[in-house]
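S.K.: Read top to bottom, the protein sequences are chains A and B.
Sequential numbering from -8 applies to the first sequence in my numbering.
Sequential numbering from 4 applies to the second sequence in my numbering.
Be aware that a few hints might be false.
With a cut-off of at most 25 Å between alpha-carbon atoms, the simulated BS3-like pairs for lysine-lysine come out as follows [as the list claims (entries may be wrong)]:
no.	chain 1	residue 1	chain 2	residue 2
1	A	LYS99	B	LYS47
2	A	LYS99	B	LYS306
3	B	LYS61	A	LYS99
4	B	LYS88	A	LYS284
5	B	LYS339	B	LYS88
6	B	LYS42	B	LYS153
7	A	LYS208	B	LYS61
8	A	LYS99	A	LYS4
9	A	LYS4	B	LYS153
10	A	LYS208	B	LYS153
11	B	LYS307	B	LYS61
12	B	LYS339	A	LYS99
13	B	LYS47	B	LYS61
14	A	LYS208	B	LYS306
15	B	LYS47	A	LYS(-2)
16	A	LYS26	B	LYS153
17	B	LYS61	B	LYS46
18	B	LYS88	B	LYS338
19	B	LYS88	A	LYS208
20	B	LYS233	A	LYS4
To be clear, the hints were calculated from the coordinates, so they are not data collected in a lab.
Every value quoted in this text rests on a predicted model; they were computed, and no experiment measured them.
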Amino acid sequence: MTKKKRKLSLLDKRAITGFLFVLPWFIGFLWFYGKGFIQAIRFSLSNLTMQETGGYLLEFVGLDNFKYAFLRDATFNQTLVSSIGNMLIDVPLIIFFSLFIAILLNSKFHGRTLMRAVLFLPIIMNSGAIQASIELAQQAVNGGVTAVSSEAAVSSGVNVEYLLDMMTELGVPAMLTDYIVLAVGRIFDIVQASGIQIIIFIAALQSVPGALYEVSKIEGATAYETFWRVTFPMVSPLIVTNVVYTIVDAFMNSEVVQEAYDMAFTNFNWSVSVTMSLISSFVVCILLAVIVKIISSKVFYYN
Amino acid sequence: MKTAAITNSSGNTAAVPASGRAAKNGQKAAAFSFSSVDKVQMKKFGRRIQAILLGLLKFCILVGIAYIILGPLISMLSSSFFTEKDLYNPVVILFPVEGTLQNYADTYRVMQYPQTLLTTVLYVASLTFIQVIVCSMAGYGFARFDFPFKNVLFACVILTIVLPTDTLMLPWYTEFRNFDILGILHLTTGHGVNLLTSPVPMYIMTLFACGLRSGLFIYIFNQFFRGLPKEIEEAAFVDGAGALYTYFRIMLINAMPSVLTVSIFSMVWQYNDTFYARLFGISNRLLMSMRISTVQETISNSKKILDSSVTQLYLYAGIIMMLVPVIVIYCLLQKKFVEGVERSGIVG
């Protein structure tokens, strides 16, 4: 072998170094995601029994697990539908709420640092255990907006019902009013879930070039026009990011995941659990693809 | 303009078309002196009222949102001091009449707070350290080097962010239940090692950048490194620095804002994580987040309290104690954290 052949070009060397940097992740990806995914499909097509020694036995059963999940399991269908439904209700609310708050926080006012600190608190307290008990605290200790709103909507809400009646009489569609009532009832969840989204939107707002605002001001645009013609299009690419993040996050905390978990670790019905996870993830991925496709066709890219 | 037009039709007697512009200006001035003094003032006044009202609206909204976030915290904090009597006294809201620190004392003992905190902090800190190193390396690799299939691989990173982890929950479980490295252990001892109930699986996964939201961190680092000027690296290269040296001594130092952001996120999520901890069955004694989930039962068993709303008071005390370290760290780093997040290129 000649010396010339052995010597790598600078570009090749850089390629190798770069790949070495990525290598740990790549191994992990193949090991945990690649292998894991194949395993998941194998498990879902067979009957899995854990052995005491640590191994497991697989017995091929075809599509039985899928049949079980869809046709025989008492709650899976409903949980899946209701989880997806809740997600679809929450996503637009979270997006609009976080954009709104980001715009508020982006303007200058006294106590802004304090307010930001408060708004980022949910990210910090984003824990399953804590959140469950905070929800309990909401119901138990006479406080919280959710308690008030649910009460208002059901029993003592003279004013609320009057308002709702008025809205119906004004010709507001019943679906919309229902949605608003629902939104108010979920406001706690929404605020809790929109921490990261607010951060992303704030960062986006700060990257909008100031010259655009100057131009629109000189051209005599009102604040309303400026928002819809400048701010919104400039921020719109990040709406996609946020929608994706929100859906995935909502899904991770949804009941379907919980049900799959319980199926595995309380009922020890392993393969059905994997099947359920696969089905729900598949549904969510399709949903993601569709939504992202729809939104990104409307997104404005500056460059 | 309207007022000017009106005065034009009524008050002006000698309009000369030749010097139209000057005349117009004159009319305007006349109109202002004639009737608009209060109007200007009115306008100013109106604007001020508008500003005040808008400010008030903003204030109300912000206070409302702050209440939604802080409300449960405050009610938790206050009720963690309640005695049983306070709990069932309908007059008591927020401020206990009797008040007690017994809840805290008992929960402190049950949770074995100091030991648990110590092990949790060690666990979280080490994982965060590994995560920052591994994810920043991967992010750097993706941002600054060209190698075949780079885009495909980066798409895989995005996939790991988007793919819900629960799909792979069981494969991971079986993997670590019967752990083996490429069949070596099977050859030598005949069976794999059961790594569950120890934190080892978490370390292994984090080491290979598949830990808690590692994909997101790789993405953040990638965005940040792409934003750094190439010249620093080139200078280092010309001066003869190797890739690792450049990375550790130059790039990572420059990436401090995103390092800070990622470590805070990683720390907090790791500290609060129950998903992985439950999946790998990590012992309750080790982790605060797991410990907190059993506090209520332990208290009700050991003290023979059947009323769940009373045992809940202990749970609140436990949660407050669990939150204290995080909130202290957060308050210390709050400003840097917010700045770091905003500059760290979480945005694409």
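S.K.: For each hint, tell me whether it holds in the structure or not.
M.R.: Do the hints match the structure? See the list:
no.	hint	verdict
1	A/LYS99 / B/LYS47	holds, 22 Å
2	A/LYS99 / B/LYS306	violated, 52 Å
3	B/LYS61 / A/LYS99	holds, 12 Å
4	B/LYS88 / A/LYS284	violated, 57 Å
5	B/LYS339 / B/LYS88	violated, 44 Å
6	B/LYS42 / B/LYS153	violated, 66 Å
7	A/LYS208 / B/LYS61	holds, 22 Å
8	A/LYS99 / A/LYS4	violated, 50 Å
9	A/LYS4 / B/LYS153	holds, 15 Å
10	A/LYS208 / B/LYS153	violated, 44 Å
11	B/LYS307 / B/LYS61	violated, 49 Å
12	B/LYS339 / A/LYS99	holds, 18 Å
13	B/LYS47 / B/LYS61	holds, 21 Å
14	A/LYS208 / B/LYS306	violated, 68 Å
15	B/LYS47 / A/LYS(-2)	violated, 77 Å
16	A/LYS26 / B/LYS153	holds, 20 Å
17	B/LYS61 / B/LYS46	holds, 22 Å
18	B/LYS88 / B/LYS338	violated, 42 Å
19	B/LYS88 / A/LYS208	violated, 62 Å
20	B/LYS233 / A/LYS4	holds, 18 Å
In this structure, the hints that do not hold are numbers 2, 4, 5, 6, 8, 10, 11, 14, 15, 18, 19, in rising order.
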